[in-house]
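Start from the sequences and build out the full structure, keeping to the hints where you can.
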Amino acid sequence: MSEFNEYKKEIMDAAHNERISLALTRAIASYRGNVNNALQKFPHTIKLAEDVREIRSKSILQMEKLAQIACEAIESNKGKAYIAKDAGEALAIVQKLVGKNKLIVKGKSITAHEIELQEHLEAWGNQVYETDLGEFIVQQLKQRPMHVLSPAIHVPKEDVAALLSKLSGKDLPPTDIEKMVATARELLRDKFINADIGISGANVVAADVGTIFLIENEGNIRLATTLPPVHIAIIGMDKLVPTLGDAFKLVEVAWRYANYTVPSYVSMTSGPSKTGDIEKVTTYGAHGPKEFHVIFLDNGRTKLAQNSILCEVMYCLGCGGCLYECPVFAVTAGHFGDKRFAGAGAVWAALSGNKEKAAAIAYTCLTCGRCKVRCPMSIDTPAMCLELRKILAEDKSLL
Amino acid sequence: MPESLVPPGLTYLADNIISKDNILGAGKIKGAEWAKGLNLDRAGETIFFAGCGYQYSNDLESLMSLLRKIDKSAISTEWTMGVAGFQKKLGIDAAGIYRKLTSRGNSGYEPLRAAIKVLDKIGIKPGYLAEEEPCCGGPLYFSGLQKQFSERAQNVYNRLTSKGAREIISIVPSCTYTLRDLLPKYVNGDRLNIRHFCEVIAEMVPSLKLKYPDKVKVTYHDSCQLVRYLGLVKEPRSILSSIENIEFVEPKQTAGVWSTCCGGGGGFEVVFPELSLTLAKNRVKELVATGAEIIITHCPGCMMQLEAGLKELKLDNIKVMDLSEVVAAALGV
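Protein chains in written order, with this note's numbering: chain V, 1347 to 1745; chain C, 57 to 389.
Simulated restraints on C-beta separations:
| id | chain 1 | residue 1 | chain 2 | residue 2 | range |
| --- | --- | --- | --- | --- | --- |
| 1 | C | K367 | V | S1376 | 30 to 36 Å |
| 2 | C | V289 | V | E1349 | 35 to 41 Å |
| 3 | C | E101 | V | R1365 | 57 to 63 Å |
| 4 | C | L369 | V | K1411 | 55 to 61 Å |
| 5 | V | A1729 | C | S218 | 30 to 36 Å |
In short, the hints are calculated from the structure, not lab data. Each residue gets a CB set at the ideal place from its N, CA and C atoms; glycine is no exception.
Below is the structure:
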């Protein structure tokens, strides 16, 4: 039980930290306002979400086939595609592509956290910079992300000012948030320009054309995946959908429930940069990367698809709505979770093989079901937690 | 049984259910005390299912109060609950003794008595199995002990139907869900129709004259089980909005299917006693922001949590009432 006691201590420390509750209370109020506004302006989103759930539930059952189709499409676009059975295989592929002594810029990716990518890249002698502002803050503070879309939700502006002052050598007042963002922009600018490699995840992949979709507001993903000469995308196999049309539906639902009528940027990347403007000779690496690599990661997903209750966790669009509506998360933030958060996070923890962590998270779930009401995919997290509790209580294994 | 991953608080409750047929591990005769003087038959086609929550609510409140003190101290509740379980195996019920010494009164009886009086007024005289009423076993299922739940299931069903029951009017939301949706998965026999008390009352509302004795401003807290598991959103509201003298206000964003959990769900309160109190306080704040003087709810777990939250926030002028008590008062019974 000692892992549980450690976890409970972490949860209770978070619960006693009034900053977390305050930050989340504000975030929750803002989120609810924005989503209500977005759904009022675009009421068709609700029916669209039902269509997307259909698409997702079918796609999860044919991940391997979709990965094959996507790999062929990417290769025909002159990108390179790989299927990694587990984290070890994915990391081996990345190591071969990256080597050592490289400067790497990263877009936010939960999948990268899943395989502990940063730790490995650094162990191999590379320099890695998270470029999403929240991830950058959390990375520099050596903390872990506390929310799927707002990783630094728990960090007070005073701490951000202190961090950025230290990194920039300037004296930044905690009340001037604009100045802090400008400083972060300055700090990361030359990293984007000088980076050897840009790494990203993806929100969804259209298998038929081999296109990955990347949703963002900051613009860091565009820079990270366009300026360096090499772009590597590491993507869970559950992100694959059959067609371009499917992918468009999915992203529209995803960003609405994530707070936005529309995000600032959505990028569709299908291959390396190319031009034929000089005498129709196709040359790669014009203004964007010369190399585009996509690694599709299994890491237990195809096995999970066989459990009819637990497979729902893979319908997730990553909107983060469930976290804002969870009464426990409102008090503990991402401490209720592991690499992924709250009740759904328990399933992923179980998949990673850590039974004790999975149990701790699964028994923290109230099974109240508010998350399911909010979820555009109606993922039944209480049912998943109860199923997990059963599997763990009976000492069975997840896969 | 390999229960090392199940938190000790939950295995303690599970053990009570399996060995003593109620969540508290108390004697059954004490439990049926709430029905004294109501002259309910011990059999009938329609049976009232009282469940553990209301009957033992004062004892459960004492237990929770003790657990919260321990939770804040250096001794962990995990260790304590583990010891409690071990003691029981030796025949010592230290927790039970503590409970008996500290429990204050039988306020948990009121919602049950009110429900019976309301049913009587609308012409329904259900039977009640008294100390022979089985524990529904729901907490076993929610703890991950589905195997143990399924092992008891047929016996529960047999005992419920043994005196001729066809319909059960149940009042504890989680018991109702367990009897209606979980039990049928594991038993042979489908003779039982399970209804929640508020469904029965809501049907009768058009023909009832409901007038609360005073003019009051009330709000309503939906229990997770009632609203999201049983889907009973409009029934309590149709009842409340037809009672004269009641001004009914609801919290924005957190009513109906969006109701915020009080912190008493899925056995949470015995695993995280202190945190469940924080959640109770958070919910109380949402509810009192409506300006209501009475918080009405319809679940013994929520009642216990909301009362604890109000106490912690020192809001002595706001009270919690069960919907059955409100209806009883509005019917003058």
